[in-house]
Amino acid sequence: MMQCPYCGAKYEAPPGRRFYVCPYCGTVVSEGKTYESVYIFKPTVDKTTAFRKVLNLKPVGSPDDLPAAAPTAAELHFVPLYLYHITFQPLPELETYAAALAMSQPPVELPKGYQFPVRWRTSFKPSLERIGVFHQPDLDPETAFRALGDVVEEARDYASVFKMRVTVAWTFEGMAYYPLWRLEYQYGGRRYTAAVDAADGTVLHMEYPLSKRGRAQGAAFAAAALLGSTTLGALTALWISLHPQLGALGGAIAGTGAAFRLAAFATARRGRFHTETKL
Amino acid sequence: MRCSYCGAPLDVTPDSVVVVCRYCGRPNFLVGNPSDVLAVPTLSSSEIVKRAVERTRRDVNLRWRISDINFSSPDLLYLPFYFVDVKLSADYQATVVVTYTETVYVKGQPRTRAVTRVVRVAGRVSLSDVVAVLARRAAWGLSVDKLAEHFLNTAPEPKPLAEAVQQTSDAFLAAEITPERAKAKAVRAVIPRLLAKVNEDASARARAAVGALLAATFIQDKAVDYAVERLETSRLTYLPLWVVPYLYRGSYYHYYVAGWDGRVVVAEEPAFAEHRTASLLSAVAAGGLLGGLSSALLYTDLVMGAAALAGGAVLTYLAAGGLLKSRRVEA
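Chains as they are written, first to last, in the working numbering: chain A, 1 to 279; chain B, 1 to 331.
Each hint should be verified, as a subset may be incorrect.
To be verified - In silico contact screen, one side only, chain B against chain A (beta carbon under 7 Å); selected entries:
1) 20
2) 108
3) 284
4) 329
What the hints assert, rightly or not - Far from chain A by the CB rule (all over 10 Å, computed), these chain B residues:
5) 9
6) 44
7) 51
8) 83
9) 115
10) 122
11) 152
12) 156
13) 160
14) 204
15) 252
16) 263
17) 278
18) 293
19) 302
20) 325
Just so you know, these hints were derived from the structure itself, not from any lab.
A virtual CB, placed ideally from N, CA and C, is assigned to each residue, including glycine.
This is chain A alone, in the form it adopts within the complex (with noise of 0.2 Å):
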């Protein structure tokens, strides 16, 4: 057993661990010192505001009533991240910031990289319990910082031109705790499930049925592309003095990219939407 030495209350230890999380208060003890930093990305988006946002988002090939589908579950889950600042000496200028997942199964998959928006902060409540699923970190920071592999290779491959060798050095800024919403929703008797960055309302990802309207556009578009292109490649074959068939058949397999693309999209179980940028 372990007492928080800022809320005082009692919890389950594990030994062995460098790092423990109050699951009161959210204080960080790791070999007799107190991280205080950690605080809770402020969510500011509802379980009704959530459903709008997915079931509105009017995904490409989504049918027209889908705002009508009935939303079957929502859990507002608070994901543990680790805050960073990473040193490269002699190379001091390389420092930098990172976040990495301190769980190795989040609830809700976060897109790779995802950058977290600039959106306000609150304090641990005890009452944020009742509404979310507080998730206690079950990877210690050493482990989670491997994840971070690309931020360190980034700074190496700089360092390899000033012909240095960077030695890695990290601190433990303390934590931090993401909302995330994971919904489900029925359409047809089917369900599906999308994820919400409670924080800002971004559409992180979702599940959704395709329509036959959809489905048959895109094999439209599908078929256009490889037709399109076909007779395009004939046709440049022909003006620079060669056999339009030559053309033609190097238009379609050149066109088979885009109709792979498209068939796969129109052949699809279920549709699926990523964000791509973040605002």
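With the hints as your guide, set chain B onto chain A.
Quick look at chain B alone, frame taken from chain A:
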């Protein structure tokens, strides 16, 4: 925390920069000396919506659909920045592979042949810029970059924090990093551009050395020694960013608007039929032209022809992505 004027309790969060007391209405500054912090005053919320509507009226795609668009009330965020004036210089030595074609005459007949030469060059470049550093850890958004860029282009005058704060005290986001760390972040932001400039300079010197100004170059190796010549930071400066939602046929989209002049710095918009048509046409053009031209290559070089065809297939695959997008971003 208690109000320094009337002693009433204050609602404080980790992002509290200035808290207006609910009882006496006076602002309490939690950022040390507020005169050391600057903020750019913002237009009012109604003025921001007005500018957003004006932008919609001018937009090529949205102007025809404006009757289907409804704007909602916007949210204000005051983002903390340091503006760092940085000048770096770099001495370098590089090995550059230069490839160019030259015409030789064999028995009076002109023939073109490719020549590859390896050249060692050395030089010095410098780069100076003002870099906007967001004073938050591990947070980013496209609108943050665009807002700072628009600030540097338009240069509105920041005022001391106490003057800029009216009833917008909840909108401020606390700074998390010190000016020293902001300086380091600025240098890191400039280093890739400095290295790109080294590549450019080394390529130009190598081309000049072989006397072929249109030659293709490849930097095989380089050693760079850089020095920081100037590194000064501004005071912490808050910039107002408004997020303006609008509803188009049941779906919400957002404008990100600079608070001082109402300029939309990032606009999220629906993808319309005209955008899908453009994507389809670009897929057809890429596939048709590359496919047709590679058929000529197949006659002379089978491998190159096959590579060009595969390249065409990849290009059309990428172009088809535009047909599957429901939203676009204009920045």
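#### Entry: Numbered hints the structure breaks, given as an ascending list
1, 2, 15, 18, 20
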